[in-house]
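Working from the sequences, and respecting the hints, build out all of it.
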Amino acid sequence: MLVTLFVIASITFFISKMLPGTPFADPKLTPQVRQQLFEKYGLDEPLYVQYAKYMVNVAQGDLGNSYYFEGRPVSQMILSRFPVSMFIGVQAVIFGIVVGLALGIVAALRHNTIWDTLAVMIAVIGVSVPTFVLGPVLQYWLGLKLGLFPIAFFESWWHSVLPSLALSVFVVSTVARFVRTEMLEVMGQDYITLARAKGLSGLAVIIRHVLRNALIPIVTVLAPLTIYLVTGTLVVEQIFAVPGIGEQFVTSVFVNDYSMILGTSLFFSVLFILALLIQDISYGIIDPRIRVHGAKE
Amino acid sequence: MAIRRVRPSTVRVGTQFSRGDFLKIGGTGLAGATLLGAVPGCSIFQQDGGGQGGGVGNSIAVNVANPIKDLNSASTTDSASSSILDNVTEGLYRLDPNNKPVPAQAEGVQISDDGLNYTFTLRNGIKWSNGDPVTSHDFEYAWLTALDPDTANIYAYIISTFVKGADEFNTGKGSAEDVAIETPDDKTLKVTLLAPAPYWLGLMAFFTYYPQNQKFVERQGNNYAQTPDALLYNGPYTMTEFNPTEGATLEKNENYWDKGNVNIQKIEIDIVKDTATGVNLYESGELDNQELSSEYVTEFRDTPDFWSHTLFVTWWTVPNQKVPILQNENIRRALQLGFDRKALVDKLLNNGSEAATGYVPDGIAGPGDQTFREAQGPVLPEYDPEKAKELWQKGVEEVGENPTISYLSYDTSVSKDISTFLQSEYEKIGAKIEVNVQPYNRALELQETGDFQLSQFGWIGDYDDPMTFLDLWLSDASFNTQNYKNPRYDELITAAQESTDLKKRMEMLLEAERILVEEDAALAPQYFEGEAWLIRPALQKSYVDHPYGGGWDMRWWKLEG
Amino acid sequence: METKHRDLTPDLFGPLGVDEQESERIAGPPVGFWRDAWTRLKKNRGALISLAIIVFLFAMAFAIGPLVASQSPYAQDLSRRFAAPSAEFWFGTDEFGRDMWTRVWAGTRVSLYIAFLAALLDMFVGVTFGAVSGFLGGRVDDLLQRVIEILNGIPYLVVAILAMVVFEPGIITISIAIGITGWTYMARIVRGRMLQLKDQEFTLASRSLGASRSRLVWKHLIPNSLGPIIVNLMFTIPSAIFAEAFLSFIGLGIQVPEASLGSLISDGAQQLRFHPYLLWLPSAVFCLIMICFNLLGDGLRDALDPKMRK
Chain B
1 MLVTLFVIAS ITFFISKMLP GTPFADPKLT PQVRQQLFEK YGLDEPLYVQ
51 YAKYMVNVAQ GDLGNSYYFE GRPVSQMILS RFPVSMFIGV QAVIFGIVVG
101 LALGIVAALR HNTIWDTLAV MIAVIGVSVP TFVLGPVLQY WLGLKLGLFP
151 IAFFESWWHS VLPSLALSVF VVSTVARFVR TEMLEVMGQD YITLARAKGL
201 SGLAVIIRHV LRNALIPIVT VLAPLTIYLV TGTLVVEQIF AVPGIGEQFV
251 TSVFVNDYSM ILGTSLFFSV LFILALLIQD ISYGIIDPRI RVHGAKE
Chain F
298 MAIRRVRPST VRVGTQFSRG DFLKIGGTGL AGATLLGAVP GCSIFQQDGG
348 GQGGGVGNSI AVNVANPIKD LNSASTTDSA SSSILDNVTE GLYRLDPNNK
398 PVPAQAEGVQ ISDDGLNYTF TLRNGIKWSN GDPVTSHDFE YAWLTALDPD
448 TANIYAYIIS TFVKGADEFN TGKGSAEDVA IETPDDKTLK VTLLAPAPYW
498 LGLMAFFTYY PQNQKFVERQ GNNYAQTPDA LLYNGPYTMT EFNPTEGATL
548 EKNENYWDKG NVNIQKIEID IVKDTATGVN LYESGELDNQ ELSSEYVTEF
598 RDTPDFWSHT LFVTWWTVPN QKVPILQNEN IRRALQLGFD RKALVDKLLN
648 NGSEAATGYV PDGIAGPGDQ TFREAQGPVL PEYDPEKAKE LWQKGVEEVG
698 ENPTISYLSY DTSVSKDIST FLQSEYEKIG AKIEVNVQPY NRALELQETG
748 DFQLSQFGWI GDYDDPMTFL DLWLSDASFN TQNYKNPRYD ELITAAQEST
798 DLKKRMEMLL EAERILVEED AALAPQYFEG EAWLIRPALQ KSYVDHPYGG
848 GWDMRWWKLE G
Chain Z
859 METKHRDLTP DLFGPLGVDE QESERIAGPP VGFWRDAWTR LKKNRGALIS
909 LAIIVFLFAM AFAIGPLVAS QSPYAQDLSR RFAAPSAEFW FGTDEFGRDM
959 WTRVWAGTRV SLYIAFLAAL LDMFVGVTFG AVSGFLGGRV DDLLQRVIEI
1009 LNGIPYLVVA ILAMVVFEPG IITISIAIGI TGWTYMARIV RGRMLQLKDQ
1059 EFTLASRSLG ASRSRLVWKH LIPNSLGPII VNLMFTIPSA IFAEAFLSFI
1109 GLGIQVPEAS LGSLISDGAQ QLRFHPYLLW LPSAVFCLIM ICFNLLGDGL
1159 RDALDPKMRK
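Protein chains in written order, with the working numbering: chain B, 1 to 297; chain F, 298 to 858; chain Z, 859 to 1168.
One should not assume that every hint holds.
[What the hints assert, rightly or not] Derived EDC-like pairs (lysine to aspartate or glutamate); straight-line CA-CA distance at most 16 Å: (1) LYS725/F x ASP869/Z; (2) LYS28/B x ASP375/F; (3) LYS782/F x ASP817/F; (4) LYS484/F x GLU580/F; (5) LYS28/B x GLU742/F; (6) LYS461/F x GLU479/F; (7) LYS470/F x ASP429/F; (8) LYS512/F x ASP526/F; (9) LYS855/F x ASP393/F; (10) LYS570/F x ASP599/F; (11) LYS684/F x GLU724/F; (12) LYS549/F x GLU538/F; (13) LYS461/F x ASP475/F; (14) LYS28/B x ASP768/F; (15) LYS397/F x ASP759/F; (16) LYS424/F x ASP483/F; (17) LYS686/F x GLU724/F; (18) LYS461/F x ASP447/F; (19) LYS713/F x GLU1116/Z; (20) LYS145/B x GLU580/F; (21) LYS644/F x ASP935/Z; (22) LYS725/F x ASP681/F; (23) LYS729/F x GLU698/F; (24) LYS800/F x ASP411/F; (25) LYS28/B x ASP759/F; (26) LYS639/F x GLU651/F; (27) LYS40/B x ASP447/F; (28) LYS782/F x GLU626/F; (29) LYS461/F x ASP411/F; (30) LYS800/F x ASP817/F; (31) LYS17/B x GLU742/F; (32) LYS713/F x GLU731/F; (33) LYS639/F x ASP935/Z; (34) LYS487/F x ASP411/F; (35) LYS691/F x GLU626/F; (36) LYS461/F x GLU795/F; (37) LYS28/B x GLU745/F; (38) LYS563/F x GLU551/F; (39) LYS40/B x ASP445/F.
Just so you know, the hints here were simulated from the structure itself, not pulled from any lab data. Keep in mind the model is a prediction, meaning the values are calculated, not measured.
Structure below.
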C-alpha cells in the first residue's frame, strides 16, 4: 500500500508541475518579481531537488504550506475542511442507500409491471439531472421561496439537508438500478425457488438469499461512490457556500497551488485505498466462495 | 435424480413483503442519519458564521466573494484581503467619498516646491490595538519590508515607481539604507520622490503603504496575520474572527482616533462565490451587498437596491504585431471599428460598463480640473461595419492572405461571452477568428510570453493618473509582449516620467494616447468597466467603494433611514 | 397451499419414475444465444419503445434537425436575444440571439459522439483489464489492481486540465479526458463478476470437460458477465455526457461557440431564474436519452441473461 501511495504521490507531483502556469498568477506580475517569488519558495531549484525535498517532508508527515493561502499549512486546511464534506457525503449516501434500496426492491418485486417502469424512470431521472441544476433549483424553491431550509453556509444540521439532498439523488438512482438488476438476476436462480418450495416466507427469502447475493456489485459501487461524495462535489459546496474539501481542491488545481494539490491527492488516495480494502473484505464476508488471492488455481 | 426445471418469469415473492417492512427499513435509516447529525455535528458546524446581515442592531454582512489569501499588508495582493486590511489598518492618508486624499494617521504634510520632498507629521494619540503608539518607524519598516526582494511582493512597484532609491533596493542593486525614507523622530516621516507626482498622495491609502509594528511582527514570526491575535489594528475596525475560506468579523475599534465618525458597529465578511446564491441571500436579508451579473441586472435595475459605478479599468483587444496580418494598419483599424461597442456594453454586459471612447478610462485625472477623457475627447471611430469590411479587404490584399486568427480568452463567463460576440462580429467583416479559451493562469502565462495572436486584455489602474495605463506600451515594458514599438511614443512617455512641469507632462500624455489609439491603432478598446451591485438602501447613500487605492472604505459607511 | 390442511404421511409419497429418454429430450428447437436474445427483447415493450425513440433522436440529431433548421448554430443577432419559444424559433433563442432548435440538435450530436467514444474506451480497456485481472487472479490480479489504485489516486481534474491543454480542445480530447480514468470502474465490475463466476459449478463443469481457457472466457464467463457489463455501459453513456457537463461547468468542456448538451445545460442553469426554457429544453432531450438508454439496457440485460430463458 505504501508503494502505491509513493507512486501516486510521485506521478501527481510531476504532472502538477506540468500544469501550465504557476501559483503566482496576477496581471501585475512582472518576470522580475516572478523570479523573486520562485527563489522565495524554492521553485527555482531543479525539479529532482524539489521532488526529493518534498518526498522527504511527506515521509515525515509534513505536507508543506499552501502557495495560495500565505503561510497556511496544507494539512491543517485539509483536516479542517474534510469533516464537513464527509458529513454531507455520508448523509447523502445513507439517505441514498435507504431510498435506493426501497426503489430497487419494489422494482424487482414488481418486475415488468407499472411499478417497475415507474421506479426505473424515477431512478433514471435522478441520474439525468446534474447537481449544478438540482442544487440551484432546490436552493431557490425550498430555500428562498418557501423558506423551509437555509440558503447557504453550514451552521447547523438543518443547513446540511439541501446539499445532502442534492448529492443523494445520484446515489438513489445508482443504488436502485443495481439493486434491481442484481435482485432480478438472483431471483431467477434455482436456490431461490428451492427455498420457496421449502416454505420460507417472502421476506426471509429476500433478506437471507437475494439481498446477500445482490450485495456484491453494490459493494463494488459503494466504495468509489462514497469516496466521490465524501470528498465533496465542487458544485454543491460552491452553490451552498459550504466550506468543504472538494471546492478547496478544485480551486487549488486552477491556481496551481502545488502543495495543496499534492496534499489533497494523497489524502484522497489514502481514503480510496482504505475503501478498496474494506470492499475486498466485504467481498470475502458476503460470498466466501470468492478467493481473492487465487489460492486454488 | 433430475429435477424438472421450472422457470417462472416472475417470482411473486412480494405478497408477504408489506409496506410495513419498507417503513421499518426506511425509518431506521433516517434515524441513523439524524443521529449521525446530532452527535458529532456540534464541532463541525460553523460557529456564529454567515448570514447575519440586514442592518439589524447596526451591523451588516458583506460578501467579498473570494478567499482571503494574505493579511500581511507588506506582501498581499488580493482584493478580499485588501477589503479587510483597508478597514482594520490605516495609512498616512485616506480617500474621502470623492476619492480625494484626506489626512488619516498623518495630520498633515509639507511638500517642497519642486514636488519631490514630502514631510509627513503624524497625528497625536494614534495607537495600535496593543497600546503601542503608531510611529514613523512603523511606516518605514513596512515600506522597506514590502520593497525587500526576499518578500517578493508583486506590488513593490507601487512604492518603487515613485520613491527614490526604492527600485535599486527592490532589484537587489542597492540597500535598504539607500531608500529615501527618513524618520528624524517618532512623529515625522520624510520621503523623497523621483519626480513630482501630485497623485502619489492618494496612494497613501493603498495597503502596501500601511504601517506595521516591527516588534510585534517579528515576535509573531511565521504566525503573523494567521489569526486575529496575530495582527495589530490602527484603523476604524478591529478583526475579531477570521477564517481564510469562510470569512471574518470586524468590530468598531474603540481606540481609533476618529471613532466618533464611525457609524457601523459590526461588519460580517462572508465569502459566497456563486452569484445566484448571493442574490438569494440578499433577498432573504442575510447579505447586505451582492455583485450582479448581467442577467440579474435587468431584473433589479429599477429597484431601490440597485447601485452601479465605474472603475479605473479598461478592457481591449490586443493584436500581437509579430503576426504578419496584424502588422497591417488597415487590419488593426478594422478591428477597432468592426464591432458594435454599444451592443456589447448594453446587451452583453449590462452592468454599468461604458463603451470605450479611448484607452484611458473615464474618471482618471487630466489637466487642471478636467478628467483625461474630458480633455482628450473620443479618439476611437464609431462602429462602422461597412468601412470595417473595406479596410479588412484592403489589408488582406496588402498582406496577401486572410488566415484564421486565434483569439485568446480567459475562462470567465464574461470573457467567453465577449470573445464569442467578437468572433461573430469580425466574421461579418470578413475575418476568420477562432476562439481559444484558457484557464486564467494559463492565459496570463501565454500573454506574458507573447504566445498569442489576438487577446482579450484588461488593466486596472493603480493610481489616479493616466501614466498607470500609458506606461504599459513602452517598447521595453515587461507587459508589452505584443511587439508594439514606436520611438516617438517611447520618447513622450519617458519625458513625461521625468518631467517636472505638470502642465507639459499632461500634454505629452494626451499626445501619447492619440498616437497609440488614433495613429497606430495599436489596440481595439472595448469598454470601461463598471459594476452593478445590490446594496441595502439604508447603506447606499453613504456607500464608498474607491476606484483605486483600496476599495471598500467602511469608515464612511452609515446605516441611515 | 392446500397441503397445510391434509395429513401428510410418508406412504403418500412414491417415486415419480423418471423416463431417461424423456428427461434428456430437448424441449424446444435449439436456438443460438443471440437469436434467442433478440426474440426475448422483442417481447419487452418498454425496451422496444426506447429503441425506437433512440433511433428517432439519432435521426433528429444527424439528419432531420439540420435539414429543418433555417439557421446556423452560430448565427448571432443581439436584437432577438432571449426570445421564448415561438412559431419562428421553436426552441427560442439564447443570449446571443442564436436559434436554440439548431443548437440543441448540434449539441446532441456532439454529446452522442463523446458518449460513444468514451463508452468504447470503457468497453475495450475496462472489460479486457477486468477480465484478465479477475480470471488470471493471483499476482497478475494484484499487480493490475495496484495499477487501478494508482490511476484512481491521481486527481482526475489535473489529468483533465492537462489533456485539455496539451491536446487541441475538441471532442476527441474530451472523450479521452473522460475515459482515461472512467474505465477503471468497468474493470472492477468485470473483475468482481469474474471472481464470482470462476468458482461456480458450471465453470468447474466446463473445465472438467476439458474446455480451453479461451473457450471458457469467451463462451461462458463473458456472456454471463454481460448483464453487469451492459448495465454499466448504459451508465457510461449518460455519465460521460454528465462528466462533459461538469467539465463545461468548470470551463474545460467544449469550446465556444460549439455546443454540447452538457454545455447547453450548464449555460441554461445560469439562466434558470429568468429564461428557464434555456435549461428545460436541452435537459428534456438529455433525460429522454437517459431514460431510453436505460430501458433499452434493461431489456438487453433481460434478453441476454441465459437464466431468464423461458
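So, going through the hints one by one against the coordinates:
This hinted pair does not check out: LYS725/F and ASP869/Z have alpha carbons roughly 98 Å apart, beyond 16 Å. A distance of roughly 11 Å separates the Cα atoms of LYS28/B and ASP375/F; the hinted pair therefore holds under the 16 Å criterion. For the proposed pair LYS782/F and ASP817/F, the alpha carbon gap of about 10 Å is at most 16 Å, so the pair holds. Under the criterion of a C-alpha separation no larger than 16 Å, the hint pairing LYS484/F with GLU580/F is inconsistent with the structure, at around 48 Å.
Among the hinted pairs, LYS28/B with GLU742/F is consistent with the structure: their alpha-carbon atoms are about 12 Å apart, no more than 16 Å. This hinted pair checks out: LYS461/F and GLU479/F have alpha carbons roughly 12 Å apart, not beyond 16 Å. With a C-alpha separation of about 34 Å, the suggested pair LYS470/F and ASP429/F falls outside the 16 Å cut-off, and the hint is violated. Simply put, LYS512/F and ASP526/F have alpha-carbon atoms about 14 Å apart, close enough for the 16 Å limit, and the pair holds.
This hinted pair checks out: LYS855/F and ASP393/F have alpha carbons roughly 14 Å apart, not beyond 16 Å. For the hint linking LYS570/F to ASP599/F, the alpha-carbon distance of about 25 Å lies beyond 16 Å, and the restraint is violated. With a C-alpha separation of about 14 Å, the suggested pairing of LYS684/F with GLU724/F holds against the 16 Å cut-off. With a CA separation close to 13 Å, the supplied pair LYS549/F and GLU538/F stays within the 16 Å bound.
For the proposed pair LYS461/F and ASP475/F, the alpha carbon gap of about 8 Å is at most 16 Å, so the pair holds. Between LYS28/B and ASP768/F, the direct Cα distance comes to roughly 13 Å. Compliance with the 16 Å bound is thereby established for this hinted pair. Between LYS397/F and ASP759/F the alpha-carbon distance is near 15 Å, which keeps this suggested pair within the 16 Å criterion. The straight-line distance between the Cα atoms of LYS424/F and ASP483/F is roughly 13 Å, inside the 16 Å bound, and the hint therefore holds.
Among the hinted pairs, LYS686/F with GLU724/F is consistent with the structure: their alpha-carbon atoms are about 10 Å apart, no more than 16 Å. At roughly 20 Å between alpha-carbon atoms, LYS461/F and ASP447/F are farther apart than 16 Å, so this suggested pair is violated. At roughly 12 Å between alpha-carbon atoms, LYS713/F and GLU1116/Z fall within 16 Å of each other, so this suggested pair holds. Using a Cα cut-off of 16 Å, the hinted pair LYS145/B and GLU580/F holds, with the two alpha carbons roughly 10 Å apart.
As the CA atoms of LYS644/F and ASP935/Z are separated by approximately 11 Å, the hinted pair is consistent with the 16 Å bound. With a C-alpha separation of about 12 Å, the suggested pairing of LYS725/F with ASP681/F holds against the 16 Å cut-off. Our distance criterion of 16 Å between C-alpha atoms is met by LYS729/F and GLU698/F, whose separation comes to about 11 Å. Restraint check for LYS800/F and ASP411/F: the C-alpha separation of about 14 Å stays at or below 16 Å, so the hint holds.
Restraint check for LYS28/B and ASP759/F: satisfied, since their Cα atoms lie roughly 10 Å apart, inside the 16 Å limit. Between LYS639/F and GLU651/F the CA atoms are separated by roughly 8 Å; this keeps the pair inside 16 Å, and the hint holds. Distance hint between LYS40/B and ASP447/F is fulfilled; the C-alpha atoms sit about 6 Å from each other, no more than 16 Å. This hinted pair checks out: LYS782/F and GLU626/F have alpha carbons roughly 13 Å apart, not beyond 16 Å.
At roughly 14 Å between alpha-carbon atoms, LYS461/F and ASP411/F fall within 16 Å of each other, so this suggested pair holds. A distance of roughly 25 Å separates the Cα atoms of LYS800/F and ASP817/F; the hinted pair therefore is violated under the 16 Å criterion. For the hint linking LYS17/B to GLU742/F, the alpha-carbon distance of about 14 Å falls within 16 Å, and the restraint holds. Restraint check: the Cα-Cα separation between LYS713/F and GLU731/F comes to about 12 Å, which is no more than 16 Å; the hinted pair holds.
At roughly 14 Å between alpha-carbon atoms, LYS639/F and ASP935/Z fall within 16 Å of each other, so this suggested pair holds. Only pairs whose Cα atoms come within 16 Å are accepted, and LYS487/F paired with ASP411/F is accepted, the gap being roughly 15 Å. Taking the CA atoms of LYS691/F and GLU626/F, the gap is near 10 Å; set against the 16 Å cutoff, the hint holds. Between LYS461/F and GLU795/F the alpha-carbon distance is near 13 Å, which keeps this suggested pair within the 16 Å criterion.
Restraint check for LYS28/B and GLU745/F: the C-alpha separation of about 10 Å stays at or below 16 Å, so the hint holds. For the given pair, LYS563/F sits about 12 Å from GLU551/F by alpha-carbon distance, which is consistent with the 16 Å threshold. With a CA separation close to 12 Å, the supplied pair LYS40/B and ASP445/F stays within the 16 Å bound.
The structure does not agree with the numbered hints 1, 4, 7, 10, 18, 30 stated previously, though it agrees with the rest.
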